[in-house]
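So the sequence lines, in the order shown, correspond to chains U and W. Okay, so the first sequence: first residue is 3 according to the numbering used here, each after it adds one. Okay, so the second sequence: first residue is 24 according to the numbering used here, each after it adds one.
Hint data in this document are derived by calculation from the structure and do not stem from the laboratory. A couple of the hints might just be wrong.
Simulated crosslink set (EDC-like; lysine to aspartate or glutamate; CA at most 16 Å straight-line) [what the hints assert, rightly or not]:
{"#": "1", "chain 1": "W", "residue 1": "Lys40", "chain 2": "U", "residue 2": "Asp216"}
{"#": "2", "chain 1": "U", "residue 1": "Lys34", "chain 2": "U", "residue 2": "Glu270"}
{"#": "3", "chain 1": "U", "residue 1": "Lys288", "chain 2": "U", "residue 2": "Glu37"}
{"#": "4", "chain 1": "W", "residue 1": "Lys252", "chain 2": "U", "residue 2": "Asp356"}
{"#": "5", "chain 1": "W", "residue 1": "Lys252", "chain 2": "U", "residue 2": "Glu314"}
{"#": "6", "chain 1": "W", "residue 1": "Lys252", "chain 2": "U", "residue 2": "Glu9"}
{"#": "7", "chain 1": "U", "residue 1": "Lys34", "chain 2": "U", "residue 2": "Glu314"}
{"#": "8", "chain 1": "U", "residue 1": "Lys259", "chain 2": "U", "residue 2": "Glu37"}
{"#": "9", "chain 1": "U", "residue 1": "Lys349", "chain 2": "W", "residue 2": "Asp71"}
{"#": "10", "chain 1": "W", "residue 1": "Lys252", "chain 2": "U", "residue 2": "Asp401"}
{"#": "11", "chain 1": "U", "residue 1": "Lys34", "chain 2": "U", "residue 2": "Asp70"}
{"#": "12", "chain 1": "W", "residue 1": "Lys262", "chain 2": "U", "residue 2": "Glu335"}
{"#": "13", "chain 1": "U", "residue 1": "Lys288", "chain 2": "U", "residue 2": "Glu270"}
{"#": "14", "chain 1": "U", "residue 1": "Lys193", "chain 2": "U", "residue 2": "Glu314"}
{"#": "15", "chain 1": "U", "residue 1": "Lys168", "chain 2": "U", "residue 2": "Asp140"}
{"#": "16", "chain 1": "U", "residue 1": "Lys168", "chain 2": "U", "residue 2": "Glu270"}
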Amino acid sequence: MAANNHEILRIENISKSFPGVQALQNVNFCLKKGEIHALVGENGAGKSTLIKVMTGVEKPDQGRMLYDGVEMKIKSPQHANNIGISTVYQEVNLCTNLSVAENILLGREPRQFGGKINWKAMNTRAKEIMLGLDVDIDVKAPLATFSTAIQQITAIARALEISSTKVLILDEPTSSLDVRESDLIFQCMRKLRETGVGIIFITHFINQIYEVSDRITVLRNGKLVGTYDTENLPTISLIQKMIGRSLAEYEDMEKAKQDPDKQQVLIETNNLGRSGTVQPTDLTLKTGEVVGMAGLLGSGRTGVAKLIFGVEEPDTGDIRVDNQPVDKHSPHESLLRGIALCPEDRKESGILGDLTIRENIILAMQARMGWFKYLNKKQQYEIAQKYIDMLNISTPSSDQLVKNLSGGNQQKVILARWLATHPKLLILDEPTRGIDVGTKAEIQKLVISLANEGMSCMFISSELEEVMRTSNRIVVMRDQEKVTELPGDTTEHNIMQAIAGAD
Amino acid sequence: MDTNSENKTSFFHRFRKSRLFWPLVALALILIFDAIYAPGFFKIGILDGHLYGNLIDVFNNGAPLILVAIGMTMVIATGGVDLSVGAVIAISAAMGAVLINPAFGNELISNEILTQNVSKTPLPLIVLANLGAGTACGLWNGFLVSRAKIQPMVATLILMVAGRGLAQLITNGQIMTIYYTPYFFFGNGFILGIPVAMYIVAAVLLLAWFLVRKTSIGLFVESVGINDKSTYYSGISEKNVKLLAYTFCGFCAAVAGLILSSYVHSADANNIGSNYELDAILSVVIGGTLMAGGRFSLLASVIGAVVIRTFTITMYTIGVPANALLAAKAVLVLLVILLYSEQSRRLINSLFEGKKERRDA
Ligand SMILES: Nc1ncnc2c1ncn2[C@@H]1O[C@H](COP(=O)(O)OP(=O)(O)OP(=O)(O)O)[C@@H](O)[C@H]1O
Ligand SMILES: [Mg+2]
Numbered sequence: 003m004a005a006n007n008h009e010i011l012r013i014e015n016i017s018k019s020f021p022g023v024q025a026l027q028n029v030n031f032c033l034k035k036g037e038i039h040a041l042v043g044e045n046g047a048g049k050s051t052l053i054k055v056m057t058g059v060e061k062p063d064q065g066r067m068l069y070d071g072v073e074m075k076i077k078s079p080q081h082a083n084n085i086g087i088s089t090v091y092q093e094v095n096l097c098t099n100l101s102v103a104e105n106i107l108l109g110r111e112p113r114q115f116g117g118k119i120n121w122k123a124m125n126t127r128a129k130e131i132m133l134g135l136d137v138d139i140d141v142k143a144p145l146a147t148f149s150t151a152i153q154q155i156t157a158i159a160r161a162l163e164i165s166s167t168k169v170l171i172l173d174e175p176t177s178s179l180d181v182r183e184s185d186l187i188f189q190c191m192r193k194l195r196e197t198g199v200g201i202i203f204i205t206h207f208i209n210q211i212y213e214v215s216d217r218i219t220v221l222r223n224g225k226l227v228g229t230y231d232t233e234n235l236p237t238i239s240l241i242q243k244m245i246g247r248s249l250a251e252y253e254d255m256e257k258a259k260q261d262p263d264k265q266q267v268l269i270e271t272n273n274l275g276r277s278g279t280v281q282p283t284d285l286t287l288k289t290g291e292v293v294g295m296a297g298l299l300g301s302g303r304t305g306v307a308k309l310i311f312g313v314e315e316p317d318t319g320d321i322r323v324d325n326q327p328v329d330k331h332s333p334h335e336s337l338l339r340g341i342a343l344c345p346e347d348r349k350e351s352g353i354l355g356d357l358t359i360r361e362n363i364i365l366a367m368q369a370r371m372g373w374f375k376y377l378n379k380k381q382q383y384e385i386a387q388k389y390i391d392m393l394n395i396s397t398p399s400s401d402q403l404v405k406n407l408s409g410g411n412q413q414k415v416i417l418a419r420w421l422a423t424h425p426k427l428l429i430l431d432e433p434t435r436g437i438d439v440g441t442k443a444e445i446q447k448l449v450i451s452l453a454n455e456g457m458s459c460m461f462i463s464s465e466l467e468e469v470m471r472t473s474n475r476i477v478v479m480r481d482q483e484k485v486t487e488l489p490g491d492t493t494e495h496n497i498m499q500a501i502a503g504a505d
Numbered sequence: 024m025d026t027n028s029e030n031k032t033s034f035f036h037r038f039r040k041s042r043l044f045w046p047l048v049a050l051a052l053i054l055i056f057d058a059i060y061a062p063g064f065f066k067i068g069i070l071d072g073h074l075y076g077n078l079i080d081v082f083n084n085g086a087p088l089i090l091v092a093i094g095m096t097m098v099i100a101t102g103g104v105d106l107s108v109g110a111v112i113a114i115s116a117a118m119g120a121v122l123i124n125p126a127f128g129n130e131l132i133s134n135e136i137l138t139q140n141v142s143k144t145p146l147p148l149i150v151l152a153n154l155g156a157g158t159a160c161g162l163w164n165g166f167l168v169s170r171a172k173i174q175p176m177v178a179t180l181i182l183m184v185a186g187r188g189l190a191q192l193i194t195n196g197q198i199m200t201i202y203y204t205p206y207f208f209f210g211n212g213f214i215l216g217i218p219v220a221m222y223i224v225a226a227v228l229l230l231a232w233f234l235v236r237k238t239s240i241g242l243f244v245e246s247v248g249i250n251d252k253s254t255y256y257s258g259i260s261e262k263n264v265k266l267l268a269y270t271f272c273g274f275c276a277a278v279a280g281l282i283l284s285s286y287v288h289s290a291d292a293n294n295i296g297s298n299y300e301l302d303a304i305l306s307v308v309i310g311g312t313l314m315a316g317g318r319f320s321l322l323a324s325v326i327g328a329v330v331i332r333t334f335t336i337t338m339y340t341i342g343v344p345a346n347a348l349l350a351a352k353a354v355l356v357l358l359v360i361l362l363y364s365e366q367s368r369r370l371i372n373s374l375f376e377g378k379k380e381r382r383d384a
């Protein structure tokens with residue numbers, strides 16, 4: 003028991019500022035051996051920055067760090083690795099065209115005599131590591147062929163393999179996973195906890211915090227709010243501490259009002275499909291309604307979104323928008339027709355990191371206006387500021403580069419980009435991924451109020467609760483096929499059953 | 024007094040952060056070198072009512088390179104590269120020479136007719152053919168890159184190799200000398216004592232500046248260079264943006280071809296505009312635009328081109344033989360890469376910051 007209370011990592015009085023932002027201010031933090039420690043707070047609270055300071059990515063302006071009781075200056079992520087601090091950062095950087103084994107052991111490949119890579123030993127070793135985490139897959143296959151969960155676990159496996167890990171840091175590892183897959187990660191974490199590894203776990207899912215963590219540290223606006231034992235901190239006070247107010251105002255959220263007399267059919271798909279991603283699907287979307295899309299990852303929800311938005315061309319079937327058949331499929335055409343898509347992978351197909359927030363927000367709007375009608379700077383600043391305020395994007399100015407924003411705030415910028423086009427149909431693919439509880443509720447509220455003004459919305463989310471809360475109708479997909487449509491007031495049980503395929 | 028010095032610091036600070044800072048530093052270094060080792064370099068005189076001297080030469084002679092660098096900036100900003108600009112210069116020049124030449128149409132003619140100061144085609148039409156041919160080449164490159172999805176380096180390599188052959192076909196394998204004096208205006212003429220080429224550069228730069236800053240094209244070009252997938256998802260037709268960039272680059276190379284052939288009074292398909300692709304790329308790099316694409320500055324590239332021209336002329340002035348010039352250029356490239364590397368920037372920045380702190384203390 004005494005050994006269990008041993009502190010492995012202690013942070014004292016750490017401050018860190020970026021131009022215009024005090025990201026961390028006199029923060030104290032301590033991690034024990036064999037505990038899972040949740041680090042929580044709003045978007046931009048400083049969680050990732052604290053991690054980066056601990057792992058030598060960023061240098062703190064002041065403060066000190068004790069590792070295993072000894073004062074230590076971490077010089078670089080490499081250095082952190084060598085002494086046993088392994089990290090999976092928020093933006094995972096793996097090579098999806100390499101095999102799982104290569105990804106895990108990249109840079110540490112077992113060598114034969116003469117320096118040639120011993121592929122057999124490498125694959126065996128990778129297989130062992132993955133089996134140790136209870137994942138049985140073909141480690142020779144390219145990473146791209148696996149689900150996001152497996153990719154995430156690969157990243158963890160890589161972190162674990164780096165050294166005899168004493169501290170494992172996971173920055174939002176479950177943000178893009180569904181329930182089943184998150185459970186996989188939790189299994190891993192519990193297993194590691196038993197071996198005495200101290201784990202820092204960042205998440206915006208309140209239920210997950212209670213599911214796995216032993217202690218919770220809350221940050222707000224770069225300051226420490228406090229560290230608590232999970233069992234002694236009820237959800238309500240946790241949320242209170244995170245966002246500085248209670249969420250009660252959102253509890254009585256009402257769905258968009260449906261008035262069949264006024265609503266028209268906006269989108270109609272007929273047998274719409276594309277081999278390999280979506281089986282032929284019939285779908286109707288009316289003005290002023292929110293249609294939820296439920297299903298597991300890979301069930302074809304994103305595929306449907308891409309077909310409707312024109313990112314990919316369908317092989318079969320057709321789409322009608324406002325009763326007009328669509329013959330040209332491209333995001334540009336869709337934009338002109340008033341369709342918008344917030345894609346799920348913000349880093350790959352969402353943000354433009356080296357452009358400013360302002361430029362990112364006006365981009366789609368400008369794309370609709372064309373090459374020669376250019377919004378002048380004043381208009382650009384006005385529009386950007388409007389959405390920065392509306393979505394609570396935390397930044398010193400709209401001239402900040404988007405890559406300098408926290409993950410959740412980047413997500414908001416993409417949402418802003420599409421809201422600014424005033425779409426008729428807004429397709430949201432996992433819009434609240436990596437977004438904090440307060441803002442999540444605000445986004446849901448926003449969607450409903452836009453629907454009340456006549457906008458149609460397709461809401462794709464792996465969080466059933468959120469789908470149920472917002473949707474007037476829920477489409478369930480399984481194995482790239484639409485299996486059923488349920489009314490918005492259905493039970494979680496019904497949806498789960500439809501997803502799982504039990505009749 | 025206090026606020027005054029603060030203002031000065033912040034101006035200097037802003038200038039140091041601006042994209043023009045490093046190219047100007049590079050230029051200043053070369054000029055300082057000249058001031059010490061080749062004081063004659065700075066002499067500007069007036070001859071026949073025209074300005075002349077090395078500094079004027081940098082611009083007059085350097086006009087084609089500046090033009091190509093402007094076009095190349097757009098292409099590199101989209102994350103591509105255009106290796107064919109030298110060949111496009113040759114094609115444009117050949118087009119002009121052939122249309123001027125009375126031998127056009129395979130008549131049997133004597134040397135006497137060939138060397139006459141006449142043209143079979145009206146001058147505006149010649150210019151149009153020059154520019155049209157080059158622009159078409161750019162369109163072709165853009166098509167290969169944006170529609171056929173061929174990697175820019177490979178796509179433009181095709182024209183880099185085939186282009187000079189094409190130019191030879193146009194000129195029938197001959198080095199064509201031009202005797203039609205009105206054509207010399209572009210490369211040798213003066214208006215108000217200033218070379219015509221400089222006016223042309225100014226006009227093209229103004230056009231480019233307009234496209235880039237007064238329309239959304241500049242934003243789209245940067246956006247494509249940063250992440251073309253995100254750009255596509257944002258509803259921008261990223262293909263057309265690339266097409267436009269390559270076409271514009273072809274146009275710039277064509278104008279360069281016009282000036283260059285006019286300046287040297289001939290079109291030599293094999294040699295005219297040779298190595299321009301490398302000099303242009305280097306100009307853009309000196310201008311601080313990343314080869315990976317993204318943020319760019321036209322003016323910085325122009326200064327980059329001026330740096331290269333100044334360097335070349337300096338080398339000639341201090342008597343470096345032409346065949347050693349390439350080696351000298353290699354040294355310049357090395358210096359630039361070192362100067363621009365992350366490490367040395369951090370070092371220099373910390374020097375500045377350190378100084379400021381000491382003053383604050
Ligand atoms: N390189 C940087 N330059 C400027 N500001 C930065 C930089 N990195 C982070 N910031 C700012 O520091 C603050 C804290 O960011 P951080 O990424 O730590 O937030 P977070 O708690 O991880 O949020 P999220 O839940 O959205 O991931 C934010 O306001 C962010 O904009
Ligand atoms: Mg973060």
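Evaluation of the provided hints:
no.: 1; hint: W:Lys40 <-> U:Asp216; result: 47 Å, violated
no.: 2; hint: U:Lys34 <-> U:Glu270; result: 56 Å, violated
no.: 3; hint: U:Lys288 <-> U:Glu37; result: 50 Å, violated
no.: 4; hint: W:Lys252 <-> U:Asp356; result: 14 Å, holds
no.: 5; hint: W:Lys252 <-> U:Glu314; result: 13 Å, holds
no.: 6; hint: W:Lys252 <-> U:Glu9; result: 45 Å, violated
no.: 7; hint: U:Lys34 <-> U:Glu314; result: 49 Å, violated
no.: 8; hint: U:Lys259 <-> U:Glu37; result: 47 Å, violated
no.: 9; hint: U:Lys349 <-> W:Asp71; result: 62 Å, violated
no.: 10; hint: W:Lys252 <-> U:Asp401; result: 23 Å, violated
no.: 11; hint: U:Lys34 <-> U:Asp70; result: 10 Å, holds
no.: 12; hint: W:Lys262 <-> U:Glu335; result: 14 Å, holds
no.: 13; hint: U:Lys288 <-> U:Glu270; result: 9 Å, holds
no.: 14; hint: U:Lys193 <-> U:Glu314; result: 42 Å, violated
no.: 15; hint: U:Lys168 <-> U:Asp140; result: 28 Å, violated
no.: 16; hint: U:Lys168 <-> U:Glu270; result: 55 Å, violated
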